[in-house]
Amino acid sequence: MSMTRRDFVKLSAASAAAAVIGVDLFSGEALAADGTTWHKSVCRFCGVGCGVMLGVKDGKPYAIRGDKENTINKGLLCVKGFYLHKVITADNRLLHPLVRKNGKLEQATWDEAMELVASKFTEAIEQHGPDAVAYYGSGQAETEETYLANKLFKGHIGTNNVEGNPRLCMASAVGGYLTSFGADEPVGSYDDLDHADLFFLIGSNTAEAHPVLYDRLVARKKANPATKFIAIDPRKTPTNKILDIHLQVKPGYDLAVMHAIAKILIDEGYTDEKFIADTVNFSDGQNPITYDDYKKFLEKYTPEYAAKASGVAAEDIIKVARMYGQTPRVVSMWTMGVNQRARGVWLNNLIHNLHLLTGKLGKPGCDSLSLTGQPNACGGVREGGGLCHLLPGHRAVANAEHRQEIANIWNVPVENIQDKPGKHTVAMFEAIAAGDIKALFVLCTNPAQSLPNLKKYLPGMEKCFMVVAESFHPTETSKIADVVLPASFWGEKEGVYGCTERRSQYMPKVLDPAGEARWDGDILIDLAKRMGHGKNFEHFKTPQDVWDEYLKCTAGRDMDLTGAPYSRLKEVRGLRWPVPTVDHPGTVHRFVKGDPLFPEDKAQGRRMYFYGKPDGKAVIFARPDKGPEEPVDAEYPIVLMTGRVLEHWHTMTMTGQIPQLVRAVPTPYVEIHPDDGKEWGIKERDMVKVITRRGELELEAKLIDRPMRGSIFIPWHWPESLTNILTIDAIDPGSKEPEYKICASRIEKA
Amino acid sequence: MLIVSMIVKVKSEAAQVTLEAIEKIENLTTYGVHKDDNIIVVGEVETVDEIEALSKKLLNEFDAILGVFPTYLADEDA
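Which chain is which? The protein sequence lines are R and G, in order.
Numbered according to our numbering, the first sequence spans residues 1 to 750.
Numbered according to our numbering, the second sequence spans residues 1 to 78.
Okay, chain R solo, but in the shape it has when bound (with noise of 0.2 Å):
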């Protein structure tokens, strides 16, 4: 029987997806190639990494399947990865460099473009110092990107003024690593979430922002059935259809109840006091405790007091705590909804907290997860030191060694880097609104729709000089800007990923890039070069040439990647750090036997190491509990949560070309509880007014039980309707990142 083109690639699809289940659908009946060629890739949207293939025909993308040799997501794909390969033929691809003329952008060579830019930020620097310009970067941007943007503005151009997107998601988890366990990110990894009895979620819409790890959730309670499900979250989602209990805690009020499962955990006897008297010292953010004061200042913590400050029920939280105590593997996630707030680095500390307490870390199914948003925030921009405050290799800019080390690598003078920390994101804008920063290089990133407050920083952005780099055009940064770059798109470049897991992943160019579109590594060489730098620069030749020279940084560090070259990602479905060989296997569990930097004469019996800590103790933090920044009032009653919905991510760029996707969700919307609703009459589609103390915003009602009462949810996504006009630019003091989860509002019929 013959078979037509449509059947045969019916059936491969078919084939596909039985596949990725271990299920061959037509009995061993072998599909013929049908001329595509599949190229192994990872995902260009969050930060889960999962493995992609990019099938390619006619050296053009033809089709996507997810990488079913890929151990993260085992050939399952979210809806936004299903695209991507649509992405890179979208109709807003930028062909062509534009340069503002009397107003107006319009189409320009690549070098009146590039010397442009090189002649206005050499003006900058010459009459205002290094520190009037500034870059920033992206946790999309490949490791190889921000590598080349941090050697030439930190130690060519001589300014710390570095920074990039996750300081806006998540720089807490950052914070809150460093000052519990002494390094940047998990101890575990996603092994851990295969071997866990009990999840405990907070602040995670892990179904929809996360979908194919909240599916290795659903298959760990498959493989057992015991496995219990707990969710402290403001507002009910598409996760709770697996919950065990929600803790749906009032917005902004949930350090208290970490402190009451901590309290429980120690009254009630689930502590595993050897691991604790070992492994585990305590203090109160400014000062060493002892264990005995720790006990003393969780003593007001009651379930009780905590269910006052909540609004969550206490036998809810005793429930909580006794699931977590009897429970022996423990994994933690969270996301946004922990880390977008004014006390982020506190609440990844009281996450941390339980895990020390009853030392459910370092083993299998037991792990304090962040979950990231981007697909390389932890590998360009955590570990590849793309903040004002780092360098390369999990290094500080105030440390001496760490400023030696790294200019002997990058060839330059000790003194071309400065000792102190740049300007942070907000600060960064705050200079440019105030005119201090003349000159800004974007790359990859659209902050004219995702910095808090926008209407704060929007005209300084449009006053200042400023460079987009970018795939797609326009956005709100790029219609502003006074030059749009045109990058090359995921596919047609290669590089490297680092996703959440420490696990760094290759990505081939498998396509001609669109139009006149060059790889970003190179436009900032070509940048380096025209602005006198071109010593340090000219030997890249290929990023292969800027990964191995990256690969001289991470040497003997904490995330030590010199056993994954180019040869062996190509190879394999990525390495996770620390792997210092290239015939090490990476490392599963940090400070435990296994990790070849465990110390083990430091060590002297002791079951974990945390070697980023003098003592090799972690720490267990006396946060105080504190509610949000801006608490509701007579004037602004409700509170006003933003978020994300599966079909979009961040600020539309490239799903807002899909337009399945954009059917998919159309509109941007406020969800509203449906007593509010009755209460303040406002009825399903009716158009609305949401103001807070910052901008008004017109939107259409959604009247779904999501929300508890009192309190208004917008997904940020949509550019026509631009959501961080409401939100705050309050920043949590220790990792500066904006609380964009909670503010004060009120609501009005439009």
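Worth flagging that the hints you see were computed from the coordinates, not collected in a lab.
No residue lacks a Cβ here, since even glycine has one placed at the ideal position from N, Cα and C.
Please note: incorrect hints may appear among the correct ones.
With a straight-line Cα cutoff of 20 Å, these simulated PhoX-like cross-link-like pairs (lysine-lysine) come out [unchecked claim]:
no.: 1; chain 1: R; residue 1: Lys222; chain 2: G; residue 2: Lys24
no.: 2; chain 1: R; residue 1: Lys535; chain 2: R; residue 2: Lys552
no.: 3; chain 1: G; residue 1: Lys24; chain 2: R; residue 2: Lys241
no.: 4; chain 1: G; residue 1: Lys56; chain 2: G; residue 2: Lys11
Taking beta-carbon pairs under 8 Å as the criterion, some of the chain G residues facing chain R (in silico) [said to hold, decoys possible]:
no.: 5; residue: Val4
no.: 6; residue: Ile7
no.: 7; residue: Lys9
no.: 8; residue: Gln16
no.: 9; residue: Thr18
no.: 10; residue: His34
no.: 11; residue: Ile40
no.: 12; residue: Glu44
no.: 13; residue: Phe69
no.: 14; residue: Thr71
no.: 15; residue: Tyr72
no.: 16; residue: Leu73
no.: 17; residue: Asp75
Given the coordinates of chain R, assemble chain G onto it according to the supplied hints.
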């Protein structure tokens, strides 16, 4: 024309009922329940609006559906 495949993850006790519900949807072909809780679905459509609508509907409205995971998409017009 787009050809899509996806795995619909369901609560195992409701797998058969869900399979029957999906089978009724035009332009979709199902390939059975596998390993208790996986339904293989292939769609053959001009646009993926229908798939999107289904995905959304299943995720948000059916308690038995735990996840809808695309596994393959080929764009025959590419």
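Verification of the supplied hints:
About 27 Å separates the Cα atoms of Lys222 (chain R) and Lys24 (chain G), which puts this hinted pair outside 20 Å; it is violated. Only pairs whose Cα atoms come within 20 Å are accepted, and Lys535 (chain R) paired with Lys552 (chain R) is accepted, the gap being roughly 19 Å. Distance check on the hinted pair: Lys24 (chain G) and Lys241 (chain R) sit about 25 Å apart at the alpha-carbon level, beyond 20 Å; violated. Only pairs whose Cα atoms come within 20 Å are accepted, and Lys56 (chain G) paired with Lys11 (chain G) is accepted, the gap being roughly 17 Å.
With 8 Å as the threshold, the beta carbon of Val4 (chain G) comes within range of chain R, its nearest partner Cβ sitting at about 6 Å, so the hint holds. Checking Ile7 (chain G) against chain R by beta carbon gives a least distance of about 5 Å; that is within 8 Å, so the hint holds. For Lys9 (chain G), the interface hint holds, since its Cβ comes within 8 Å of a Cβ in chain R; the closest pair sits about 6 Å apart. Against a cut-off of 8 Å between C-beta atoms, the interface hint on Gln16 (chain G) is violated, since the closest Cβ of chain R lies about 17 Å away.
About 14 Å separates the beta-carbon of Thr18 (chain G) from the nearest beta-carbon of chain R, more than 8 Å, and the hint is not met. With a least beta-carbon distance of about 5 Å to chain R, the hint placing His34 (chain G) at the interface is held under the 8 Å criterion. A cut of 8 Å between beta carbons decides the hint on Ile40 (chain G): the least distance to chain R is about 5 Å, and the hint holds. Using the Cβ-Cβ criterion of 8 Å, the hint placing Glu44 (chain G) at the interface with chain R is satisfied: the shortest such distance is roughly 6 Å.
A cut of 8 Å between beta carbons decides the hint on Phe69 (chain G): the least distance to chain R is about 4 Å, and the hint holds. The beta carbon of Thr71 (chain G) is positioned within 8 Å of a beta carbon in chain R (closest approach about 4 Å), and the interface hint is therefore held. With a least beta-carbon distance of about 4 Å to chain R, the hint placing Tyr72 (chain G) at the interface is held under the 8 Å criterion. The interface hint given for Leu73 (chain G) is met, as the beta carbon of that residue sits about 5 Å from the closest beta carbon of chain R, less than 8 Å.
The restraint placing Asp75 (chain G) at the interface with chain R holds, with a minimum CB-CB distance near 6 Å, inside the 8 Å limit.
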